[in-house]
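From first to last, the protein sequence lines stand for chains A and B. Per this note's numbering, the very first residue in the first sequence carries number 455; after that it's consecutive. Per this note's numbering, the very first residue in the second sequence carries number 16; after that it's consecutive.
Source of the hints: derived by calculation from the structure; they are not laboratory data. Being a predicted model, the structure only gives us computed values, none of them experimental. Be aware that a few hints might be false.
Incomplete in silico selection of chain B near chain A, CB under 7 Å [stated by the list, open to error]:
| hint | residue |
| --- | --- |
| 1 | Leu44 |
| 2 | Ile48 |
| 3 | Tyr74 |
| 4 | Asn214 |
Heads up, the beta-carbon is just placed ideally off N, CA and C, and yes, glycines get one too.
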Amino acid sequence: MDVTDILRDRMHEPDGLRRMAVVSVLVHGAVVAALVVAPGGWLSQPEAPPKTVMTISLGGGNGGPTSGGMTSIGGRAVQTQTPPEAPKRPEPIRPPAARTPEMTVPLPGTVPRKPAPAAPVKQAPDDARGTTPTKGAEPREGSAIAETGARGQGFGLTTSGGAGSGSTIDVADFCCPEYLIDMVNRIRGNWNARAEVAGLVIVLFTIQRDGTLTGSSVEKTSNYTALDINALRAVVATRQLAPLPAAFPNPSLTVHLHFEYTR
Amino acid sequence: MRTLVRPFFALLQQEQGGAVPVGTNSSLLSLIIGSSPLSKAVLISLAMLSIASWAIILYKLWVFRRSKRQSSSFLDVFRRSNKFSEVQAVCRSLGESPLVGLFQAGYAELTAQLRQSPPGGALNDPAHPTAGGQRPTLKSLPAVDRALMRASVVEVNKLEKRIPFLATTASVAPFIGLFGTVVGIMMAFQGIGQTGSTNLGVVAPGIADALVATAAGLVAAIPAVVAYNHLSNRVKLFAAEMDDFAMEFLNIAERNFT
Numbered sequence: 455m456d457v458t459d460i461l462r463d464r465m466h467e468p469d470g471l472r473r474m475a476v477v478s479v480l481v482h483g484a485v486v487a488a489l490v491v492a493p494g495g496w497l498s499q500p501e502a503p504p505k506t507v508m509t510i511s512l513g514g515g516n517g518g519p520t521s522g523g524m525t526s527i528g529g530r531a532v533q534t535q536t537p538p539e540a541p542k543r544p545e546p547i548r549p550p551a552a553r554t555p556e557m558t559v560p561l562p563g564t565v566p567r568k569p570a571p572a573a574p575v576k577q578a579p580d581d582a583r584g585t586t587p588t589k590g591a592e593p594r595e596g597s598a599i600a601e602t603g604a605r606g607q608g609f610g611l612t613t614s615g616g617a618g619s620g621s622t623i624d625v626a627d628f629c630c631p632e633y634l635i636d637m638v639n640r641i642r643g644n645w646n647a648r649a650e651v652a653g654l655v656i657v658l659f660t661i662q663r664d665g666t667l668t669g670s671s672v673e674k675t676s677n678y679t680a681l682d683i684n685a686l687r688a689v690v691a692t693r694q695l696a697p698l699p700a701a702f703p704n705p706s707l708t709v710h711l712h713f714e715y716t717r
Numbered sequence: 016m017r018t019l020v021r022p023f024f025a026l027l028q029q030e031q032g033g034a035v036p037v038g039t040n041s042s043l044l045s046l047i048i049g050s051s052p053l054s055k056a057v058l059i060s061l062a063m064l065s066i067a068s069w070a071i072i073l074y075k076l077w078v079f080r081r082s083k084r085q086s087s088s089f090l091d092v093f094r095r096s097n098k099f100s101e102v103q104a105v106c107r108s109l110g111e112s113p114l115v116g117l118f119q120a121g122y123a124e125l126t127a128q129l130r131q132s133p134p135g136g137a138l139n140d141p142a143h144p145t146a147g148g149q150r151p152t153l154k155s156l157p158a159v160d161r162a163l164m165r166a167s168v169v170e171v172n173k174l175e176k177r178i179p180f181l182a183t184t185a186s187v188a189p190f191i192g193l194f195g196t197v198v199g200i201m202m203a204f205q206g207i208g209q210t211g212s213t214n215l216g217v218v219a220p221g222i223a224d225a226l227v228a229t230a231a232g233l234v235a236a237i238p239a240v241v242a243y244n245h246l247s248n249r250v251k252l253f254a255a256e257m258d259d260f261a262m263e264f265l266n267i268a269e270r271n272f273t
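Sequences and hints are given; from them, build the entire structure.
In structure tokens:
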């Protein structure tokens with residue numbers, strides 16, 4: 455056999471590539487199946503247990519135009535009570551005034567006495583030129599709860615143009631107020647605000663992690679069935695919101711939304 | 016190959032058409048299912064590259080393992096035997112060793128030269144170099160060297176075959192994944208512009224969807240890079256072993272046939 459013939463025979467690869475391709479396909483299929491079937495938590499971080507739920511008020515529309523209704527009601531500036539003034543000191547008893555000399559007719563020939571020139575006025579020192587000190591404590595921010603009656607950009611819904619009477623959520627320190635603004639805007643789009651009577655309806659519902667609204671119910675009735683149904687229909691018709699923000703750790707968010715009808 | 020990847024296509028289509036499984040691990044799958052057709056095409060192409068590269072990796076590792084084992088056996092026989100004919104007899108059973116190719120080429124050239132020498136019966140049989148009183152002689156030892164070099168080139172080419180595909184996969188797969196990510200992010204930003212919201216809940220899912228393509232590209236490329244370097248090194252070791260064997264064969268031929 456010639457060298458060339460031997461080398462031509464040696465050029466052929468050994469069989470087995472097709473078998474390895476089948477093995478490769480099976481391995482890839484197994485990996486895909488493992489991703490589908492494997493228990494959760496392989497690719498995602500373990501979910502932290504939900505924090506202790508507490509109810510905190512976001513203050514609604516009463517926070518004033520600067521706060522947008524999103525601050526706590528206790529954080530607003532409130533006039534504190536001025537402490538009572540100290541009792542006045544008794545005035546000293548003044549001696550009786552000097553007796554006025556009797557008017558006498560001047561003698562003829564006497565020259566009237568010229569009045570003495572007034573002493574030059576000296577400028578008061580700088581320390582003496584201050585204003586009169588004020589009395590009582592200065593107004594400062596306190597923690598008292600007071601109804602100021604101010605109407606700002608509301609979180610709730612009202613027929614008077616967007617200043618709601620307030621709303622609450624069941625989570626402390628909610629991270630993303632813009633999400634709540636987006637939620638209110640979407641629900642407002644489905645809300646028929648026209649009403650012949652005034653009333654306040656509070657609707658309770660829960661936003662799931664994927665943004666679906668569940669558990670809608672009337673938490674506080676307005677005593678008018680039509681208004682209650684109207685408010686509840688606005689929430690139910692919204693049906694789907696954006697998914698809850700990633701910064702919000704809990705699986706769901708419970709909202710108490712206020713619908714205020716004004717005539 | 017086309018018939019081999021068909022089941023994988025069927026598996027993908029089944030997953031795409033089926034319902035989203037319930038569970039936290041379904042997020043990755045739901046991302047893939049909910050992605051755009053272009054992203055799916057990118058992922059499918061990356062899956063094909065990965066399947067092909069893994070097939071080559073497994074095949075080459077299997078072939079190299081057999082070649083190394085048979086080369087060891089062949090060298091053992093070659094160094095123990097006094098006759099080339101005995102070595103030639105075991106060549107068929109150890110055919111996957113590259114040293115066998117070198118030996119067969121050198122032996123064929125040796126035989127051809129000795130047959131052309133003046134008739135001497137058994138004296139001219141390279142299988143029995145020391146048989147008889149008169150030693151057979153070679154016409155040209157460089158010709159034997161050239162035959163060994165030709166065989167070495169053939170064996171190295173055979174060992175290196177399909178390995179460049181791994182280098183191609185290693186260099187191209189990240190770019191394909193990056194392409195899918197860029198297109199996905201473009202579409203995500205278009206969607207954000209239409210919704211008019213910069214909320215993280217609106218922005219993040221689109222970007223996460225787009226980044227799946229880059230992850231898939233890296234999954235396909237990283238094993239290909241590692242395997243390419245490993246297999247290339249193995250080929251170099253085989254080439255060095257063949258050079259060593261060629262020198263040894265030439266020394267024996269020069270010692271016995273010149």
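Hints versus structure:
no.: 1; hint: Leu44; verdict: 6 Å, holds
no.: 2; hint: Ile48; verdict: 11 Å, violated
no.: 3; hint: Tyr74; verdict: 4 Å, holds
no.: 4; hint: Asn214; verdict: 6 Å, holds
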